[in-house]
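Protein chains in written order, with the working numbering: chain A, 1 to 306; chain B, 1 to 248.
Don't read these hints as lab results, they were simulated from the structure.
Watch out, some of these pointers could steer you wrong.
To be verified - Below, simulated EDC-like cross-link-like pairs (lysine to aspartate or glutamate); rule was C-alpha separation at most 16 Å, straight line:
#1 A:10 to B:137
#2 A:181 to A:222
#3 B:20 to A:90
#4 A:10 to B:106
#5 B:246 to A:152
Unchecked claim - Cβ-Cβ distance ranges computed for the label pairs, FRET-style:
#6 B:1 to A:164: 32 to 40 Å
#7 A:291 to B:184: 26 to 34 Å
#8 B:205 to A:164: 34 to 42 Å
#9 B:233 to A:35: 35 to 43 Å
#10 A:126 to B:41: 48 to 56 Å
Built from N, CA and C at the ideal position, the CB exists for glycine as well.
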Amino acid sequence: MIDADNLSRKFGDVTAVENLTFHIGEGEVFGLLGPNGAGKTTAVRMLCCLIAKTGGEGRVAGYEIGNEADSLKIRQIIGLIPENVGLYNELGTYRNLDFYARLYGRSEQQRKESIGRLLKLLGLWERRDKPVGTFSKGMKQKVAIARALVHDPEILFLDEPTANLDPEAAKTVRDFILHLKEEEKTIFINTHNLDEAQKLCDRIGILKTHLLRTGTAGELKESLWGNKTVIQLEKIDDSVITAVKNHTPRSVVIEDHRLVIDVADAQRENPGLVEAIVAAGGQIQFVQELNPTLEDVYLKVVRETA
Amino acid sequence: MRLTQAWIIASKELSIFRRKKGIFISVIIFPLFVSVGLPYLIHVILVRSMPVTPDTLAGLLTVINAFAFFFIIGSASLPTAIASYSIVGEKQEQSLEPLLATPTTDGEILLGKSIGALLPPLVAIWVGAVIFMGMIDYYLLGELGYLYYPNAVIAIIMLLLVPLSAITAVEVSIIISARANDVRTAQQLGSLIVIPFALIYVLGEINAIPLNVPYLLILSGIILLVDIVLFYLSKATFQRDEILTKWR
Chain A
1 MIDADNLSRK
11 FGDVTAVENL
21 TFHIGEGEVF
31 GLLGPNGAGK
41 TTAVRMLCCL
51 IAKTGGEGRV
61 AGYEIGNEAD
71 SLKIRQIIGL
81 IPENVGLYNE
91 LGTYRNLDFY
101 ARLYGRSEQQ
111 RKESIGRLLK
121 LLGLWERRDK
131 PVGTFSKGMK
141 QKVAIARALV
151 HDPEILFLDE
161 PTANLDPEAA
171 KTVRDFILHL
181 KEEEKTIFIN
191 THNLDEAQKL
201 CDRIGILKTH
211 LLRTGTAGEL
221 KESLWGNKTV
231 IQLEKIDDSV
241 ITAVKNHTPR
251 SVVIEDHRLV
261 IDVADAQREN
271 PGLVEAIVAA
281 GGQIQFVQEL
291 NPTLEDVYLK
301 VVRETA
Chain B
1 MRLTQAWIIA
11 SKELSIFRRK
21 KGIFISVIIF
31 PLFVSVGLPY
41 LIHVILVRSM
51 PVTPDTLAGL
61 LTVINAFAFF
71 FIIGSASLPT
81 AIASYSIVGE
91 KQEQSLEPLL
101 ATPTTDGEIL
111 LGKSIGALLP
121 PLVAIWVGAV
131 IFMGMIDYYL
141 LGELGYLYYP
151 NAVIAIIMLL
161 LVPLSAITAV
171 EVSIIISARA
181 NDVRTAQQLG
191 SLIVIPFALI
201 YVLGEINAIP
211 LNVPYLLILS
221 GIILLVDIVL
231 FYLSKATFQR
241 DEILTKWR
C-alpha cells in the first residue's frame, strides 16, 4: 500500500531523510519512532505529496509520489492529521468538516452522513455548531481526526497524534486509532511515544535520518536484546556453572549470586535450566524473566548512531 | 484549474470574513465615507455657493471626478486587510498544512483565497459607488438639468481600475505574506500599495495629469501589466513545498 525506496530529502546542505526504504501492507499499522528532528514529519510530508523528494522513489496505493497528476490522486485517498491541528477557529465543528468534505468532492448527502457519524462517534455532535476556537486541545484533536476521516480515506497519516494531550485525551485518541485499526485502515503513525507505538502498531521503524531498524516490537527486542532469564542462587559454584553451560549453548553471565542466561523461549527453556541447576546442587532463590522494553531497544539503537 | 475547488475555498474565506468583525467593519467604513460623506460635502458647498455660477459648477464637477478616484485608492487598500489575514493568519494558525493535504492544486488555493479577499471590498465599493452616484445626481440634477452619473469616467473606474487595483493589492499581499510573521505587519506593509495610487490622485488634483477617459484607459493598461507580472511572482511564492519548508 505504501512503498518507499531510498526516499530522501535534503534542505540545502542538510539531509533530513536519507535512503528511507520500507513496505507497508494494506490494513497494516506502521509506526515511525525517532527523536525530534529525526525526519519523521519530512517523511510523512513526502508521502502525502506536500513536499518534494530530492532522491529515491515512493508509491502510495500504486501512485507515484513526485508525479504531479498522481499527487492529486494520492491526496484524494489519504487522510492526514498533522502535528498541529490547524483548524479554522472561527468556524463551527460542522462547518470545518464540511469545508474539507467538499474539497474531497463528497456530495451533500455523503457529507451529512459522514460528518454526523464521525461527530457522534467522537462525542462532538452536541457541539457541532460551536466555534472550534472555544475547544480544549483534546477536543480539537478529535475534530482533526474527524477531518482526516471525513472522506473515508484508505490510508491515514498521523503525525504525533497524541503530542501535547493530557492522558485522558491521549487515551481517547489511541482508542479511536485502535477502532480504525479494526476497520482495517492502513495507518502510518509518527510518534516518540514508545508505549503508544507498542500498543497501536503492527510494525515499527526507528528513524534518525536513516531508517535504523524495522520490525514488530517483539522482533526489535529480540534482534537487539534477546530474552534473558535471571536465576538468583544462594551461591554459585563451578558445578552449577558447568551444569548450566552443558544445558544451554547460549551466553551465560555471572553477576554476584545471579546467572543471567540468554534464552530463545523462556517458558520452554526455564524448567530445564532449573532442573539442571537443582541437580547440580544449586539452591535457587528466585527465577525471573528479563524482558527489554521497547524503550530499551529504542535508546540502544538511537545511541548507537549518536 | 478547477473553479469549483477555488470557489469552495473562497466561500470558506468569506465565512471567516463575516465572523471577523474588525476586518468586516474596516472594509465597510471607507466606501461608506466616500459614498455618503463626499456627496454630502458637495451638497454643503452647493448650498453655501448659492446662486451657483457656471464656473463653480465646472469646479465642482472636477472635484467630483477626483472624489471618484478615492474608490480606486479604497480598492487598493481594502483587500490587503483580508488577504493578509487569509494567508498570514492561516500560517499563524497552522491550518495551511491540512489544506495543502487535500486534492487541490496550489493555483486553486491561490485563486480561492484571492476571490475571498477580492469579493468583499469589491462589493462594498460597488455598492458605495451606486450610493455615491445616486446622491451626486440627487444634489446636482437641479443645477445641471441632467443626470451626471453614470458616465464613462465612473464606468472605467468601477469596471476596470477598481478590480485591477484590488487584484494588485491581493497579489502584493500574497508576496508579503510569504515573509511576514504576523497579520499586522503584513497589513502594514501591504497598505503601502496605496502610495502609487495616492500619488496619481495628487498629480491629477494639481493638473499634472488629466483624470479623463483616455488617460484612465492607459492607467488601466499599466495596472493590468503590473498585475500580470505580480501574478507570476505570487504564483512562484505560493508553492506548497516553499510554504511548508521556507515560510516563517
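Hint check results:
1. A:10 to B:137: 65 Å, violated
2. A:181 to A:222: 25 Å, violated
3. B:20 to A:90: Distance ~8 Å between residue 20 of chain B and residue 90 of chain A Cα, so the pair holds.
4. A:10 to B:106: 22 Å, violated
5. B:246 to A:152: 31 Å, violated
6. B:1 to A:164: 32 to 40 Å: 38 Å, holds
7. A:291 to B:184: 26 to 34 Å: 56 Å, violated
8. B:205 to A:164: 34 to 42 Å: Because 57 Å falls outside the window, the suggested range is violated.
9. B:233 to A:35: 35 to 43 Å: 39 Å, holds
10. A:126 to B:41: 48 to 56 Å: 54 Å, holds
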